[in-house]
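Enquirer: These protein sequence lines are chains Z, B and S, in that order. Counting in numbering that gives the first Met the number 0, the first sequence runs from 0 upward without gaps. Counting in numbering that gives the first Met the number 0, the second sequence runs from 0 upward without gaps. Counting in numbering that gives the first Met the number 0, the third sequence runs from 0 upward without gaps.
I should point out that these hints are in silico values taken from the structure, not numbers from a laboratory. A couple of the hints might just be wrong.
To be verified - Negatives, chain S to chain B, calculated, CB over 10 Å:
1. A43
2. I78
3. K179
4. N218
5. N288
6. Q291
7. A309
8. N330
9. F385
Stated by the list, open to error - In silico BS3-like cross-links for lysine-lysine, where the CA-CA straight-line distance does not exceed 27 Å:
10. K67(Z) x K5(B)
11. K257(B) x K91(Z)
12. K5(Z) x K5(B)
13. K18(Z) x K257(B)
14. K66(Z) x K153(B)
15. K153(B) x K13(Z)
16. K153(B) x K257(B)
17. K66(Z) x K40(B)
18. K5(Z) x K253(B)
19. K5(B) x K74(Z)
20. K40(B) x K73(Z)
21. K122(Z) x K5(B)
22. K66(Z) x K81(B)
23. K179(S) x K147(S)
24. K253(B) x K67(Z)
25. K13(Z) x K2(B)
26. K177(Z) x K153(B)
27. K13(Z) x K40(B)
28. K5(B) x K73(Z)
29. K98(Z) x K40(B)
30. K208(B) x K2(B)
31. K18(Z) x K256(B)
32. K70(Z) x K153(B)
33. K40(B) x K147(S)
34. K67(Z) x K81(B)
35. K2(B) x K122(Z)
36. K2(B) x K132(Z)
37. K67(Z) x K257(B)
38. K89(Z) x K81(B)
39. K132(Z) x K256(B)
40. K55(Z) x K40(B)
Each residue gets a CB set at the ideal place from its N, CA and C atoms; glycine is no exception.
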Amino acid sequence: MTIEIKDLYKQFGKNQVLKGIDLSIGEGRIYAILGPNGSGKTTLIKSILGMVIPDKGHITVLERPVKKDWKYRKKIDYLPQIANFPPNIKVKELIHMIKDLRNSPSAEEDLIQLFGLGPFLGKKLSTLSGGTKQKVNIVLTFMFDSPLIILDEPTTGLDPMALIHLKQLILREKAQGKTILITSHIMQFVEEMADKILYLLEGEIYFQGSIVELLEQTGAPDFEHAVAALTITENHAEDS
Amino acid sequence: MLKILKYSFYDLIRSRWSYVYFLFYLILGFVLLFLNNDVSKAVITLMNVIIVLIPLIGTIFGVMYYYNSREFTELLLAQPIKRSSIFMGQYLGVSGSLALSLVLGLGIPFVLYGLLQSNAIFDFSLLLVTGSFLTFIFVGLSFIIAISNENRIKGFGYAVLLWLFLAVVYDGLFLMSLIVFEEYPLDTFSLVATMLNPIDLSRILILLKLDISALLGYTGAIFKKFFGTDLGFLVSMAILFLWTVLPILGLEYKARKKDF
Amino acid sequence: MVLHNTYHRYLLCLLMLLLGHPMWAKTWTICPSCVDSTLKGTIARAQANDTLLVQKGTYREFEIIVDKPLVIKGIGYPIIDGGKKGEIFRIQSDNVTLDGLFIINVGVSYTKDNAAIRVVRSKNFLIQNMVLEQLFFGIYLEKSSHGKVFHNRIIGEAVDEYNSGNGIQLWYSTDIEVRKNHVQGTRDGIYLEFSDRITITENVSMDNLRYGLHFMFSNHDVYTRNTFENNGAGVAVMFSKFITMKDNTFHKNWGTAAYGMLLKEINDAEIVGNTFEENTIGINIEGSNRIQYTNNDFIGNGWAIRVIGACYTNSFKGNNFLYNSFDISYNSKLNDNVFEGNFWSSYTGYDLDRNGIGDVPYRPVKLFSYVVNRTPETIVLLRSLFMDIIDFSERVSPVFTPDNLKDTQPLMKIRP
Numbered sequence: 000m001t002i003e004i005k006d007l008y009k010q011f012g013k014n015q016v017l018k019g020i021d022l023s024i025g026e027g028r029i030y031a032i033l034g035p036n037g038s039g040k041t042t043l044i045k046s047i048l049g050m051v052i053p054d055k056g057h058i059t060v061l062e063r064p065v066k067k068d069w070k071y072r073k074k075i076d077y078l079p080q081i082a083n084f085p086p087n088i089k090v091k092e093l094i095h096m097i098k099d100l101r102n103s104p105s106a107e108e109d110l111i112q113l114f115g116l117g118p119f120l121g122k123k124l125s126t127l128s129g130g131t132k133q134k135v136n137i138v139l140t141f142m143f144d145s146p147l148i149i150l151d152e153p154t155t156g157l158d159p160m161a162l163i164h165l166k167q168l169i170l171r172e173k174a175q176g177k178t179i180l181i182t183s184h185i186m187q188f189v190e191e192m193a194d195k196i197l198y199l200l201e202g203e204i205y206f207q208g209s210i211v212e213l214l215e216q217t218g219a220p221d222f223e224h225a226v227a228a229l230t231i232t233e234n235h236a237e238d239s
Numbered sequence: 000m001l002k003i004l005k006y007s008f009y010d011l012i013r014s015r016w017s018y019v020y021f022l023f024y025l026i027l028g029f030v031l032l033f034l035n036n037d038v039s040k041a042v043i044t045l046m047n048v049i050i051v052l053i054p055l056i057g058t059i060f061g062v063m064y065y066y067n068s069r070e071f072t073e074l075l076l077a078q079p080i081k082r083s084s085i086f087m088g089q090y091l092g093v094s095g096s097l098a099l100s101l102v103l104g105l106g107i108p109f110v111l112y113g114l115l116q117s118n119a120i121f122d123f124s125l126l127l128v129t130g131s132f133l134t135f136i137f138v139g140l141s142f143i144i145a146i147s148n149e150n151r152i153k154g155f156g157y158a159v160l161l162w163l164f165l166a167v168v169y170d171g172l173f174l175m176s177l178i179v180f181e182e183y184p185l186d187t188f189s190l191v192a193t194m195l196n197p198i199d200l201s202r203i204l205i206l207l208k209l210d211i212s213a214l215l216g217y218t219g220a221i222f223k224k225f226f227g228t229d230l231g232f233l234v235s236m237a238i239l240f241l242w243t244v245l246p247i248l249g250l251e252y253k254a255r256k257k258d259f
Numbered sequence: 000m001v002l003h004n005t006y007h008r009y010l011l012c013l014l015m016l017l018l019g020h021p022m023w024a025k026t027w028t029i030c031p032s033c034v035d036s037t038l039k040g041t042i043a044r045a046q047a048n049d050t051l052l053v054q055k056g057t058y059r060e061f062e063i064i065v066d067k068p069l070v071i072k073g074i075g076y077p078i079i080d081g082g083k084k085g086e087i088f089r090i091q092s093d094n095v096t097l098d099g100l101f102i103i104n105v106g107v108s109y110t111k112d113n114a115a116i117r118v119v120r121s122k123n124f125l126i127q128n129m130v131l132e133q134l135f136f137g138i139y140l141e142k143s144s145h146g147k148v149f150h151n152r153i154i155g156e157a158v159d160e161y162n163s164g165n166g167i168q169l170w171y172s173t174d175i176e177v178r179k180n181h182v183q184g185t186r187d188g189i190y191l192e193f194s195d196r197i198t199i200t201e202n203v204s205m206d207n208l209r210y211g212l213h214f215m216f217s218n219h220d221v222y223t224r225n226t227f228e229n230n231g232a233g234v235a236v237m238f239s240k241f242i243t244m245k246d247n248t249f250h251k252n253w254g255t256a257a258y259g260m261l262l263k264e265i266n267d268a269e270i271v272g273n274t275f276e277e278n279t280i281g282i283n284i285e286g287s288n289r290i291q292y293t294n295n296d297f298i299g300n301g302w303a304i305r306v307i308g309a310c311y312t313n314s315f316k317g318n319n320f321l322y323n324s325f326d327i328s329y330n331s332k333l334n335d336n337v338f339e340g341n342f343w344s345s346y347t348g349y350d351l352d353r354n355g356i357g358d359v360p361y362r363p364v365k366l367f368s369y370v371v372n373r374t375p376e377t378i379v380l381l382r383s384l385f386m387d388i389i390d391f392s393e394r395v396s397p398v399f400t401p402d403n404l405k406d407t408q409p410l411m412k413i414r415p
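Required output: the full structure, derived from the provided sequences and hints.
Expert: Given below as structure tokens:
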């Protein structure tokens, strides 16, 4: 198992965000974590990354417990949701810095070429557009070779061309047997990429399975409606 | 941690504010020495600057840096780096560059003036040492404030309040309690109260050099022992050191518990 | 005719002395193995105006009474060991010279003021180049006059005031010169009681329990170019008149009641050109009037000048006040003293007309000094921002400090 989560709880102030998550994520698959806003997707991802400290529960990544450890992050490439970079440094400095900090082999040249970032290398990050920043973000994520890749809203701000490149990248990594976690609001993108869906609702895993299973369970005509139906069913359940 | 320290340090060394801070001390040093031509007076003026300004700059700078580099911090947190290393690196980067500005900014004019031959060298080094200690202490405290407050405005507010309290209000309360309880023996109390405030503690350390004649004017046996022997100096230095370590431990603790 | 004769005899005597061929003034040599092996015995045998040369060695003698004019001179510092039994030398005659002896072990007594050398009702004595150690009282001049105490070294080991004596004591003595002596570790280094017209010059008095120099009821005395260091208090001048204090150095007199100089009930004195450096209190003034303080330097003292009780018509002119924790401290709201033309290192005014005198008056009394007088422990707040703010507001509009206590003509530059 790449990731094992047992009985995970997290509360921010009065807001109980995760209410007992149990989850196993196997190797070589693409998992999509879905759910309405505030359902705990980012919190779950950040718990796996060790950025959020759980109140209760147990997480292991690649057979290593996450708690009080940091070396396991060497095995993770993470693409954060909003690319908040230090404003007053240049793109190439940032790439250099991250390389220096991770101290592992990297292949940024091809990626830079792929996303056409060459002309921006000497610019400060604060002068870049949102889409370009996201491309930098993608380069920083994919330039390392790690068995686990976590992508938080990877499509934000990307133009169609870049989106195609991104998809190719993801598929290529999957073909190498890597595990990939994605959150996204773009259902088409999820449908195209994901092998398995995890649907989070109010801090709990509400659905877990393949797209086919989801369609079966909801009886909806397509994926997008199926996901919407999950939300509605929940609302009915609450009403009754 | 050293890499983070390196990046924070370079980041700050390149920033405009470090230059302003450095130039301020440089100019102050030159003005005090070459316009006044009087080392003793320069040392007294510097003492006032050091015990008031350094804590203020340290707190403001610390809070500012923390909030401004939050994005960077988040980026780093997902990297395979120990959490405490990230914060320690940033903390040491900020306090180190501030302390360096202080030491170089004041040191250069004093060396040019020929202080190394003068007998005020000890007083002067003591000023720089306590100044550096205060920088480390207040940057540490400000990091704790910033890490505990997501809201920048609140964080800034608390930081300035902390400075105001330790630099002015504390002494006011201290004076009032001394006057209210003047019939009681107060020397232990007043020494302990001094130790509890790093600004007062640094002040006493410098007073031990500048105003030892006046400090020895009092009868209390504890005062006598404290000021009349090396004990006072050693104890004050030790506690100042403790004051530097405590915020670091606090920062470590806070960093360990914090969610991003 | 008689007068004429005496004159001749003196002249002849002087001539013989000069020729080194005395006719009736004999020179006696004393050494432990000589015929004359004791001072006492030799003095008894000697005639007036004889010279006794004391060779190197140890002489265990005490209560040596010199009752005729003699010169007693040590060669290579012979040791006179009193064995702690009582007084050692007692001079009861005019024209006695003591020179170059090393006197130790004076008997300590709680009823008698035993001294290493006591001069009683004598004139024209000279005590020089003596070394006195392990003493009780050192040199005690009693009702004597016209003598000289020159270049002696008095080293005591006083620990408590009640069983220690003074280094050089003058009691009812007049017209005496005390010069170039070194006194340390006694109760009072030099003590004058009822002694007038004494000049005290170029002495060093240090590490004494009580005062380096102490005047009681003594008038018209002058002391110049002396150094007083690390005494309980440097100099105490009490109940005396017309004392001149000039060019002395008062250094590091630290402690609870430690002063460079303590003035109590002193009138019409002159204090000129002295240096007060790093004393807890430079000058402590109590009930003293008509004193001129001129051209003194006060450097790095806790309090440069502390005024207690009524002091009238004193004037402070041309002094330098440098880096004292407090320049002036008063305990009343009244001021009848004049401060003019001094240099104050903490003066921050300006001089627009460039005449070397600040355009804004300087107020040397800080409110904080009142606070410290009241609650001594507040001293730990010295130089804090809070106290500076309070002092500043008091300086702008005086409420607690005397309104007219100011130097209207502060110097812009230090008086050289």
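Enquirer: State the violated hints by number, sorted upward, taking the hints as numbered earlier in the document.
Expert: 9, 11, 12, 14, 17, 20, 25, 26, 27, 29, 30, 32, 33, 39 and 40
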